[in-house]
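**Student:** Chain residues, written in single-letter form:
Number of protein chains: 2
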Amino acid sequence: MQTVYLVSGPAGVGKSTTSQALAKALPNSAYISGDAVSHMHVNGREKPWESRSELLLIWQNIWRLTSNFITHGVDVVVDYVTFPEEAKWLQKQLIALNTNVVYVVLWTDKSTLLQRDQTRLPQHQMGERCLILIDEFENSGLEPRHVKDTSSHRVENLNEIVDDIRSNDRYRLKSE
Amino acid sequence: MQTVYLVSGPAGVGKSTTSQALAKALPNSAYISGDAVSHMHVNGREKPWESRSELLLIWQNIWRLTSNFITHGVDVVVDYVTFPEEAKWLQKQLIALNTNVVYVVLWTDKSTLLQRDQTRLPQHQMGERCLILIDEFENSGLEPRHVKDTSSHRVENLNEIVDDIRSNDRYRLKSE
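So the protein sequences, as listed, match chains A and B.
Under full-length UniProt numbering, residue 176 is the last one in the first sequence; the count climbs by one each step, no gaps.
Under full-length UniProt numbering, residue 176 is the last one in the second sequence; the count climbs by one each step, no gaps.
For reference, chain A alone in the conformation it holds in the complex (with noise of 0.2 angstroms):
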């Protein structure tokens, strides 16, 4: 049985370096960037947060690429915003190829994210979206259960967070 990874949170708390780390620590993995993923599309993209067709385009890649892997023997880390509505509609897509999805969405303080954000390269600060995000997280319908705490942690725990990611639970998403 495969399972699909879906690292989630608001920007600047560490999905990358969490969902890189996770792929490279699965013995058959794949990491797939949703901004990557995203930023396929160049000429006629639209900001896929003002966008409901935009979005759906995405999540629809995002779908048939992690289902090909799936049926290849392939666990999948999927390191995108990814809000509970979202992880249910891929789950439910997936439903046929009996997979586990685990959904975790980390989290901190939003001092930490705000001063993160702020040691970007400008082009790639998101300044004002930011605080949006974390406010669309908190009215999200988010269970606690899969939210992960990373405030307390540094980079010498990365283990530690991809361990729990990996084995605690807490973080399945049930079937509806």
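Just so you know, these hints were derived from the structure itself, not from any lab.
Computed from a predicted model, the values in this text were never measured in an experiment.
Keep in mind that a hint or two might mislead.
Lysine-lysine pairs mimicking DSS-like chemistry, simulated, CA-CA at most 27 angstroms apart [to be verified]:
| # | chain 1 | residue 1 | chain 2 | residue 2 |
| --- | --- | --- | --- | --- |
| 1 | B | K47 | A | K24 |
| 2 | A | K47 | B | K24 |
| 3 | A | K88 | A | K24 |
Pairwise CB distance ranges, derived in the manner of DEER restraints [stated by the list, open to error]:
| # | chain 1 | residue 1 | chain 2 | residue 2 | range |
| --- | --- | --- | --- | --- | --- |
| 4 | A | E138 | B | S16 | 40 to 46 angstroms |
| 5 | A | E128 | B | T71 | 31 to 37 angstroms |
| 6 | A | K47 | B | A36 | 20 to 26 angstroms |
| 7 | A | L56 | B | P27 | 16 to 22 angstroms |
| 8 | A | E136 | B | E138 | 52 to 58 angstroms |
Take a look, some chain B residues computed to stay more than 12 angstroms from chain A by CB distance [unchecked claim]:
| # | residue |
| --- | --- |
| 9 | M1 |
| 10 | G14 |
| 11 | T17 |
| 12 | Q91 |
| 13 | A96 |
| 14 | K110 |
| 15 | Q115 |
| 16 | L121 |
| 17 | P122 |
| 18 | E128 |
| 19 | R129 |
| 20 | I134 |
| 21 | H146 |
| 22 | D169 |
| 23 | R172 |
| 24 | S175 |
For glycine and all other residues, C-beta sits at the position ideal for the given N, C-alpha and C.
Since the structure of chain A is already known, use the hints to place chain B on it.
**Tutor:** Same frame as chain A, now just chain B:
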């Protein structure tokens, strides 16, 4: 009617530069790097030129992404070492979407390819594999009308190459 552009050719011939310029010239476009899709598979990945199942996984991923983009009205540029059989296979998968498939194999002389290979970072140099690829194309049943010789072209001619790929009917893959 949407178009899929398969920009192929041996390593070092300018696939990426040409594909990206092509994607930027189209009003609504996606750019799919076959290498990027291939490297989504992190652990357990085999070399696609040594493993048929790895190559199949890559092409299935390219197909599903392409199919989604086409369905959303987006033209697609695929930047990958694509042989005639693979181009025909993709065309067949897309048949229900009534899609144009443009297949162009960029070409130049061996010495230029080997020179360019040596200007790459050591970890990206292909060495022998470079020459093997040239032989593989020469024995692939490739029709001359799909070949675009870029030997006499310089960077300044990139727009000309892009215009040629967009407008020259000879690169269009015929339906079988």
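**Student:** Next step is simple, just say for each hint if it's right about the structure.
**Tutor:** Hints, verified against the model:
{"no.": "1", "hint": "B:K47 / A:K24", "in the structure": "holds, 17 angstroms"}
{"no.": "2", "hint": "A:K47 / B:K24", "in the structure": "holds, 17 angstroms"}
{"no.": "3", "hint": "A:K88 / A:K24", "in the structure": "holds, 25 angstroms"}
{"no.": "4", "hint": "A:E138 / B:S16: 40 to 46 angstroms", "in the structure": "holds, 42 angstroms"}
{"no.": "5", "hint": "A:E128 / B:T71: 31 to 37 angstroms", "in the structure": "holds, 33 angstroms"}
{"no.": "6", "hint": "A:K47 / B:A36: 20 to 26 angstroms", "in the structure": "holds, 22 angstroms"}
{"no.": "7", "hint": "A:L56 / B:P27: 16 to 22 angstroms", "in the structure": "holds, 20 angstroms"}
{"no.": "8", "hint": "A:E136 / B:E138: 52 to 58 angstroms", "in the structure": "holds, 55 angstroms"}
{"no.": "9", "hint": "M1", "in the structure": "holds, 16 angstroms"}
{"no.": "10", "hint": "G14", "in the structure": "holds, 18 angstroms"}
{"no.": "11", "hint": "T17", "in the structure": "holds, 14 angstroms"}
{"no.": "12", "hint": "Q91", "in the structure": "holds, 18 angstroms"}
{"no.": "13", "hint": "A96", "in the structure": "holds, 16 angstroms"}
{"no.": "14", "hint": "K110", "in the structure": "holds, 32 angstroms"}
{"no.": "15", "hint": "Q115", "in the structure": "holds, 30 angstroms"}
{"no.": "16", "hint": "L121", "in the structure": "holds, 21 angstroms"}
{"no.": "17", "hint": "P122", "in the structure": "holds, 23 angstroms"}
{"no.": "18", "hint": "E128", "in the structure": "holds, 28 angstroms"}
{"no.": "19", "hint": "R129", "in the structure": "holds, 24 angstroms"}
{"no.": "20", "hint": "I134", "in the structure": "holds, 29 angstroms"}
{"no.": "21", "hint": "H146", "in the structure": "holds, 24 angstroms"}
{"no.": "22", "hint": "D169", "in the structure": "holds, 23 angstroms"}
{"no.": "23", "hint": "R172", "in the structure": "holds, 22 angstroms"}
{"no.": "24", "hint": "S175", "in the structure": "holds, 24 angstroms"}
In this structure, every one of the numbered hints holds.
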